[in-house]
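> Residue numbers (numbering that gives the first Met the number 0), protein chains in the order written: chain A, 0 to 423; chain B, 0 to 142.
Certain hints may be false.
To be verified - Over 10 Å on every C-beta distance to chain B, these chain A residues come out as not near it, computed from the model:
(1) Arg-10
(2) Arg-224
(3) Pro-265
(4) Cys-308
To be verified - Only pairs whose alpha carbons sit at most 25 Å apart, straight line, appear in this in silico BS3-like list of lysine-lysine:
(5) B/Lys-31 to B/Lys-7
(6) B/Lys-49 to B/Lys-14
(7) B/Lys-14 to A/Lys-284
(8) B/Lys-7 to A/Lys-2
(9) B/Lys-49 to B/Lys-31
(10) A/Lys-70 to A/Lys-169
Calculated directly from the structure, the hints in this document are not laboratory data.
Values in this document were obtained by computation on a predicted structure and should not be read as measured data.
Glycine is no exception: its CB is placed at the ideal position from the N, C-alpha and C atoms.
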Amino acid sequence: MAKAATDDIHRAIEAVFRIERARLIAGLARMTRDVDRAEELAQEALLTALTDWPRTGVPDNPGAWLMAATKRRAIDGFRRSAMASRKHGELAREMDEADDGVAAIEAGLDDELGDELLGLIFAACHPVIAPEARAALTLRLVGGLTVEEIARAFLSNEPAIAARITRAKKAIAKAGVAFEVPRGAELAARRAPVLEVVYLIFNEGYAATAGPSLVRPPLCAEAQRLGRILAALMPDEPEVLGLLALMEIQASRLAARAGPDGRFVPLTAQDRARWDRLLIRRGLKALERAEALGGADGPYALQAALAACHARARRAADTDWAAIAGLYDRLGRVMPSPVVELNRAVAHSMAYGPDAGLALLDAIADEALLRRYAPLPAARGDFLFRAGRLGEAKGAFEAAAALAGNEREREWLLERAAACAAPA
Amino acid sequence: MRVMVFVKATEDSEKGLPPTTEMTEMFEAMGKFNEELVNAGVMVDGDGLKPSSFGKRIAFDGASRTVIDGPFAEARELVAGYWVWEVKDMDEAVAWAKRCPNPMPGPSELEIRPFYEMEDFGDAMTPEIAAHEQMLRDKLAGE
Chain A
0 MAKAATDDIH RAIEAVFRIE RARLIAGLAR MTRDVDRAEE LAQEALLTAL TDWPRTGVPD
60 NPGAWLMAAT KRRAIDGFRR SAMASRKHGE LAREMDEADD GVAAIEAGLD DELGDELLGL
120 IFAACHPVIA PEARAALTLR LVGGLTVEEI ARAFLSNEPA IAARITRAKK AIAKAGVAFE
180 VPRGAELAAR RAPVLEVVYL IFNEGYAATA GPSLVRPPLC AEAQRLGRIL AALMPDEPEV
240 LGLLALMEIQ ASRLAARAGP DGRFVPLTAQ DRARWDRLLI RRGLKALERA EALGGADGPY
300 ALQAALAACH ARARRAADTD WAAIAGLYDR LGRVMPSPVV ELNRAVAHSM AYGPDAGLAL
360 LDAIADEALL RRYAPLPAAR GDFLFRAGRL GEAKGAFEAA AALAGNERER EWLLERAAAC
420 AAPA
Chain B
0 MRVMVFVKAT EDSEKGLPPT TEMTEMFEAM GKFNEELVNA GVMVDGDGLK PSSFGKRIAF
60 DGASRTVIDG PFAEARELVA GYWVWEVKDM DEAVAWAKRC PNPMPGPSEL EIRPFYEMED
120 FGDAMTPEIA AHEQMLRDKL AGE
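If we strip away everything but chain B, and leave its shape as in the complex, we get (with noise of 0.2 Å):
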């Protein structure tokens, strides 16, 4: 399955990117854990987001458009940067996430969100296949 991962902003990160021994012993860390990613076949894709302060916001309300710019408040709601892996299941995703480096100087939070995938769609399984993958494995598992 695939997930993203959402690396949460804190008021820190909104805050820009001081240079501190600090980030870049964090930094380090984080190039090692994603060699492991890359390594283990996991990261399919990541990176970093700019503090909201360079962003935007596009407000819908029926035929309005509002266009809001950053920063914004709240930073614990904002993301600061993204992964996204291949991963058996969700416990498989919490395990490489424990393993993951402090991404921020102070509490910080990874969110991991699953995609949907073809299975979620289940108008494309007619109940005819539906039987005879059921009939298949019945099989399969009577031998």
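With the rest of the complex left out, here is chain A (with noise of 0.2 Å):
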């Protein structure tokens, strides 16, 4: 065979595989109780399946058929195993007895298939990992991004990721964490980890927190996907479908945060008919979800809800600023922090006047965590700047721009901080 037409074939497979490799490990976890395990099991599937499938076509079902190979193959690493204990001899013929061919297989992977992949997420999601290290395994175990691509997505370096997914995978191993979906009560508490993993991601796609570049849709586009991942198998979870809302929404705007020239772009400057409409309606209707299953008042619904208020307004006159003040006013309670705070003193001084936002921010100016926080000052110039107090408003412009982590941003708060000096 041609060497050209061999490559296809891989890529076609590696393509194949690619689909598959989430859920195959997640039923290889779940069954090996052994992550590192379980990876090397797929890799091992693939490789099978690189050698089998251009002979044989790809099978019709190609989850069940890789499963199945990797059954084979954990089964008989189990017997080999000098080490094995009693347990995995337990296994092991279990196992052997519930292999009664692929047609068993397929019925037990079509039952479980979300819940296994789930399972996977839960785990690499747990409260026993570090919170840094939580996304980066996520990313490597569900998104199957290479190390390589996830350090680059962090502004990172390979040694570094790698070294983290390890103590992750050690982390899992060491605290004995299932591969399961928790329930009733449990499943509340780990809920909420699972979803600041995926905005986390979203986030350092959405707002690059340091180097050159604005946004990184890429990292955006796998945290919607993960979100989109979990709306489909908790579909009645409303916290879920308000995360999902507020991602797809803000990615709505990936393509007007910043100008032609790399620049940022404030959401009241952003040429709106650039924003994506398919997003904003899928945004839109997931939000509408979440509120009909009772989930208004949820810290994700509720900043979903904030979105849509700008999604909504065709041009950026149009922004109902007295409801986004009120909505706020309800993110605020529900999930205080000086962050919320900031953003709703801003709500409040498009709404009711810079003032308005005077007076809030100064209930904040002395909060800790928000010492080295550029947008708090950059919030105090802008009010300033409106309340015509030019050179009080260009003092705090130019602390914004020396707090500011990116690049663009600190360029466009130095701009404002010359407009103040020459007002045109």
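Hints given; two lone chains; assemble the complex.
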């Protein structure tokens, strides 16, 4: 066979494998209770497929085929292992009995597909794992990103990310985390960190905290995909839908958020024709469903409702700032945080004038959490500017620029400072 | 990346929808396939379109606009339905498309077309940013 043709077949097989990989690892991790082993077995299954499929063609149900191939290998592995404990022996016997050909496995797969994948997501976001490692592990196991891709996404380096993932896996093994979907009260407690991880990944793409470019759309896309998976597998959880709605609506503005020169464009100055109406529609639909399920006052649903207020305004001037101020009042009650208070101040300044904003800012001026937070002086600068106090505004913008982590944002703040010195 | 997947029309689909047993089975299989797309976070949008006999074309020539009523000839050049998928690359889109049950009673065709993305608009990337990105990448690779 010509090399080009073989390459094509291999690429096609790898694409099929990528689709199946997360579910495969999920099933294997549940079976072996060992993520590393699960990843190895999945990799071996890929090699088998690369050998077999060019001859036999891609099977009708590649997921079931890969699972069956891997299960056989896992059982052989257990038997061969001199260290195999009695428990493993039993497990192998159980699997043998269960292994009544591909049909039985297929049936099992159909039943549990979603459940297994969900179990893997819950394990990767488990509270025993250090928070910064949860995102890396989730992107690796569920998103299928390579260590190199994750390192690039987080502007880190491969050894650091690899070490983070290894530590995360060790933490899972040490705590004996089951790759199951938690039930009852535990489900509620464990859901929060899952949503946090997904939103953290999204935000790292949406509001790049460091580095030269303002947005990293592939990270947003990955987070949206995770959000969509969660919403599909937990369709009646209002906060899952709230998070999905929030991400879809925010992502609708990705193309408008950076100007043609790569510079930051604030929401009110964005070209709304460049907003992605399809994502807005999806976001509004998810939000509607979250609210219908009684989740209107969930932190994510409220943030989505805020994003929706902007999405519904065809022109910046049409924005219903009083509604936004009201939503921030509610958000401040369910999710008290200085950052929410800051945004609440911005909303009140837009609805009721710069002095209303300044009064709310004064209440949080001494928050330790906001001491090095550029948006605080940036907001103060904006309120002062609008109140005609240009000298004070200039100082605030310069202070904000000195704190900005993103170069694009810094440029924009310095421009605003310059505009205070020479008002047009 | 985002792709649009067109379900091409056939002479049968252009005739409308006679609810045969075969069709019912296809709809069932299609429902399962759609569910799989949703569960994988791939499905963004999708729907079916009525036959071209319900459609109209507007032909442009300079300042003139002529409205042409359907149905239109060349069934295989027409679209009977579409999806919007979010996938990693074209290989993944092809892998999903191959999994789709045949959407029509006879031979039929899907066509996958990528959307333009932000990266396709090169002017947003100034030489300075590009150089800086490259520098960062080199730095990461060196460590």
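> Starting from the hint list further up, note which numbers the structure goes against and sort them upward.
Hints 1, 2, 7 and 8 not satisfied by this model.
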